[in-house]
Each structure stands twice: as C-alpha cells, then as structure tokens.
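J.: Each protein sequence line maps, in turn, to chains A and B. Everything in the first sequence is counted per my numbering, starting at 1 for the first residue and increasing by one. Everything in the second sequence is counted per my numbering, starting at 1 for the first residue and increasing by one.
Just so you know, not all the hints are guaranteed correct.
What the hints assert, rightly or not - Pair by pair, the computed Cβ-Cβ distance ranges are:
| id | chain 1 | residue 1 | chain 2 | residue 2 | range |
| --- | --- | --- | --- | --- | --- |
| 1 | B | V54 | A | M24 | 40 to 50 Å |
| 2 | B | H143 | A | G68 | 54 to 64 Å |
| 3 | B | K77 | A | E103 | 18 to 28 Å |
| 4 | A | Q83 | B | N42 | 44 to 54 Å |
As the list claims (entries may be wrong) - Taking lysine-lysine pairs in the DSBU-like style, the calculated list, with each CA pair at most 35 Å apart, reads:
| id | chain 1 | residue 1 | chain 2 | residue 2 |
| --- | --- | --- | --- | --- |
| 5 | B | K10 | A | K50 |
| 6 | B | K84 | A | K148 |
| 7 | A | K81 | B | K84 |
| 8 | B | K197 | B | K18 |
| 9 | A | K50 | A | K38 |
| 10 | B | K193 | A | K81 |
| 11 | A | K84 | A | K42 |
| 12 | B | K157 | B | K18 |
| 13 | B | K77 | A | K106 |
| 14 | B | K157 | A | K84 |
| 15 | B | K177 | B | K7 |
| 16 | A | K148 | B | K60 |
| 17 | B | K193 | B | K7 |
These aren't lab readings, by the way, just hints derived from the structure by calculation. In this text, a Cβ means the ideal position worked out from N, Cα and C, and glycines have one as well.
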Amino acid sequence: MSNLVYLMCSLPSLRFGQEPPISMDEFIDEAKGQLSAKHFKKLEPVDIFKATDSDGKVGLKSIGNMLGDLQEDISEIRAAKAQKRTPNLARLPQATINTNPLEREKLIMRWQWEELDTIQAGEGFTLTEVLVYKLRLQILNRLSSFNKEHGLQVLESVVNPSKEKEV
Amino acid sequence: MAVVKIKYTKTERARQKKILKVSLRMLPLFEAMEKSLMSTINTIAERIEEIRAVIEKNNKAAEPWVAVMSDSHVDIKTYISVNKIITKHADVAGVRVEQYEGVDFNVMPIPENAPLWVDDAIILMQEQLQLMAEIECLEEQIHLLEEELLDVRARIKLFENRRIPNAKTAIRKIGQKLQDDERLTIATAKVVKTSQKEGVMA
Numbered sequence: 001m002s003n004l005v006y007l008m009c010s011l012p013s014l015r016f017g018q019e020p021p022i023s024m025d026e027f028i029d030e031a032k033g034q035l036s037a038k039h040f041k042k043l044e045p046v047d048i049f050k051a052t053d054s055d056g057k058v059g060l061k062s063i064g065n066m067l068g069d070l071q072e073d074i075s076e077i078r079a080a081k082a083q084k085r086t087p088n089l090a091r092l093p094q095a096t097i098n099t100n101p102l103e104r105e106k107l108i109m110r111w112q113w114e115e116l117d118t119i120q121a122g123e124g125f126t127l128t129e130v131l132v133y134k135l136r137l138q139i140l141n142r143l144s145s146f147n148k149e150h151g152l153q154v155l156e157s158v159v160n161p162s163k164e165k166e167v
Numbered sequence: 001m002a003v004v005k006i007k008y009t010k011t012e013r014a015r016q017k018k019i020l021k022v023s024l025r026m027l028p029l030f031e032a033m034e035k036s037l038m039s040t041i042n043t044i045a046e047r048i049e050e051i052r053a054v055i056e057k058n059n060k061a062a063e064p065w066v067a068v069m070s071d072s073h074v075d076i077k078t079y080i081s082v083n084k085i086i087t088k089h090a091d092v093a094g095v096r097v098e099q100y101e102g103v104d105f106n107v108m109p110i111p112e113n114a115p116l117w118v119d120d121a122i123i124l125m126q127e128q129l130q131l132m133a134e135i136e137c138l139e140e141q142i143h144l145l146e147e148e149l150l151d152v153r154a155r156i157k158l159f160e161n162r163r164i165p166n167a168k169t170a171i172r173k174i175g176q177k178l179q180d181d182e183r184l185t186i187a188t189a190k191v192v193k194t195s196q197k198e199g200v201m202a
C-alpha cells in the first residue's frame with residue numbers, strides 16, 4: 001500500500017489534451033521499482049487498445065467492460081456505414097457520428113478519459129489508480145502523436161511515393 | 001549537302017511530276033494530322049489539370065483531419081498499396097496508347113479494433129491513388145503524342161522545304177533542257193538541209 005501511495009505521489013498529474021509529462025518507459029520503470037511483482041504483472045498487459053490481453057484475460061473488469069463497449073459501438077458505426085443507416089450507439093456520444101475523423105478520435109478519447117474518471121472514483125492509492133494512470137498516459141501519447149505536418153507526410157507517402165523519394 | 005544530279009530525260013520529268021503530285025496531296029494530310037495531334041494533346045493536358053484540381057480539392061477537404069494519419073497506434077501504410085494500374089490499348093489521334101481503366105488495390109481487411117479513421121483514410125487514399133494513376137497514364141499519352149507530333153512536323157518540313165521545291169526545280173530545269181535540245185535539233189536539221197541544197201546547186 002505504501003509503495004502504491006509513494007508511486008502515485010511521485011507521478012505527475014495528467015490532464016486531457018496536455019503533452020504527456022512523462023514517457024511510458026519512465027512510467028514503467030517507476031512502477032517496476034515501486035510495485036510488487038504481483039501488482040506489476042497486473043499492470044503490464046493493461047492496454048487502452050485491447051480489451052483483453054493475449055491470453056484473453058482482462059486486467060480489470062470495469063476497464064475491460066469500457067473497452068468492450070467501445071469496441072461494440074465502433075463495430076456498430078462500421079456496420080451502419082456499410083448498410084447506409086444511422087448507427088445506434090450504446091455508449092459513445094452521438095456527436096461521434098457526424099464529425100470529421102480527427103475530431104471523432106478525440107471525442108472517443110475524451111469519452112474514454114471520462115469513463116476512466118468513473119472507474120477510478122473512490123479508488124485512490126489503489127492498483128486501479130495505477131492502471132488508469134497507464135491508460136491515460138497511452139491516451140495522451142496517442143493524442144500528442146496527431147500532427148498535421150506528419151499526417152500530410154504519411155498521406156503523401158502512400159498517395160505519391162515517387163514524389164516522396166524525389167524530395 | 002550533296003547536290004542531286006538530275007537526269008534530263010522525259011522519264012525523269014514524269015517521275016518528278018509524280019513526286020510533286022503525291023507531295024502536294026500528302027502535305028495537307030500531315031498538316032491536318034499535326035492539328036489533330038496538337039488539339040488532342042491540349043485536351044489531355046486540360047484533363048490532367050481537371051484531375052489535379054480534384055486531387056487538390058480532396059486534399060483541402062482532408063486538411064482538417066489529416067493530422068490523425070500520424071496516429072502512433074496505426075501504420076496506415078500497411079493497409080493499402082497499389083497492385084497494378086489497369087489500362088487498355090486505344091488509338092488516340094492515330095497513335096496507339098494505353099488508356100486508364102482503373103487501379104487494382106491491395107487493401108488489407110480492417111481489424112475490428114482498428115480506429116475508425118482508418119476507414120476514412122483508405123477511402124481517401126484509394127480515390128487519390130486512382131486520380132494519380134489516371135494522370136500517370138495521361139502523361140504517358142502526351143509523351144507518345146508529342147513524339148508523333150515531332151515526327152509529323154519533320155515530315156511537313158521535309159515536304160515544304162525539300163521535296164516540293166526540289167521537284168518543281170527539277171521539272172523546270174528538265175523542261176528548259178528538253179526545250180533547248182529540241183531547238184538545237186531543229187536548228188541542226190535546218191543547217192543540214194541548207195548545206196545539202198547548196199551542194200546540189202553547186
């Protein structure tokens with residue numbers, strides 16, 4: 001418990017939309033040094049992009065549920081698009097339907113962030129808070145990777161590879 | 001430049017007249033071909049500009065969300081690539097060219113857990129790649145048509161500056177020479193006739 005408290009107190013606080021104040025490697029190093037082997041083993045497979053790990057296990061049921069619900073809504077949006085109908089979303093806000101792909105991803109990440117708020121409510125200085133911290137750090141890392149210049153380069157590299165080589 | 005030796009014979013004059021007749025008949029055909037090639041090249045160039053405008057329009061439409069393509073979680077390049085550009089043979093202004101038909105893509109199935117923007121990016125990339133492929137085919141057509149145009153212009157120049165003037169000159173010179181020869185023959189015959197008459201009188 002004291003290690004968890006120490007770890008959480010030593011980590012910088014996270015706000016949605018900010019540049020990640022700590023890298024994932026730094027966080028993992030810090031967690032490895034402070035957490036017990038059992039707790040660290042639980043932290044390792046937790047991933048914002050996967051509801052379950054490679055063995056099909058869920059790091060934390062509430063996180064697994066949240067990611068599972070998101071997956072279902074994403075599948076529903078895809079199916080609705082293919083069938084040319086309005087998607088019937090269970091969890092995601094309706095605003096995600098009629099916005100551009102970048103804003104949609106941001107809305108989804110904002111939704112995940114708020115869901116994580118609910119998950120960690122009343123779980124101060126517990127392993128849940130550490131797991132949520134990792135997921136939030138992943139969200140911030142992904143959010144900060146969105147860059148117009150770089151995005152244009154990626155588009156150009158697919159659409160006009162010869163031009164990219166010339167440059 | 002080597003001077004062409006003219007044979008001052010009636011046969012040669014007939015041959016030169018035939019060359020002139022054919023050349024005068026061919027010249028307008030080549031001139032029409034030149035016009036047709038130029039007009040086709042211009043039409044293709046205009047089409048290229050139209051396609052470029054569509055590409056630009058698509059890029060502008062994607063500008064507000066293109067940043068998402070740098071998503072650290074996704075490598076969009078692995079999802080789509082061009083297998084081959086499909087074309088068919090066609091005759092454009094008498095030149096055999098490859099006409100754009102479509103693009104055969106290698107599109108990887110989108111995994112369920114892939115972010116939604118991947119779908120939009122693939123649609124955009126497919127459209128842009130198709131337009132780029134069409135431009136590529138049209139530029140190749142222009143290249144072939146320009147080669148043909150150079151050839152046609154060289155022929156026009158040859159007819160206008162060499163074959164037609166040379167044939168006209170040859171016909172004129174042969175005509176003069178044949179006329180001179182005829183006069184000489186008549187004069188010689190007259191001289192012979194006069195000397196024969198004088199011989200009889202003496």
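J.: Give me the numbers of the hints this structure contradicts, sorted from smallest to largest.
T.: Going through the list in order, the structure violates hints 5, 8, 10, 11, 14 and respects the others.
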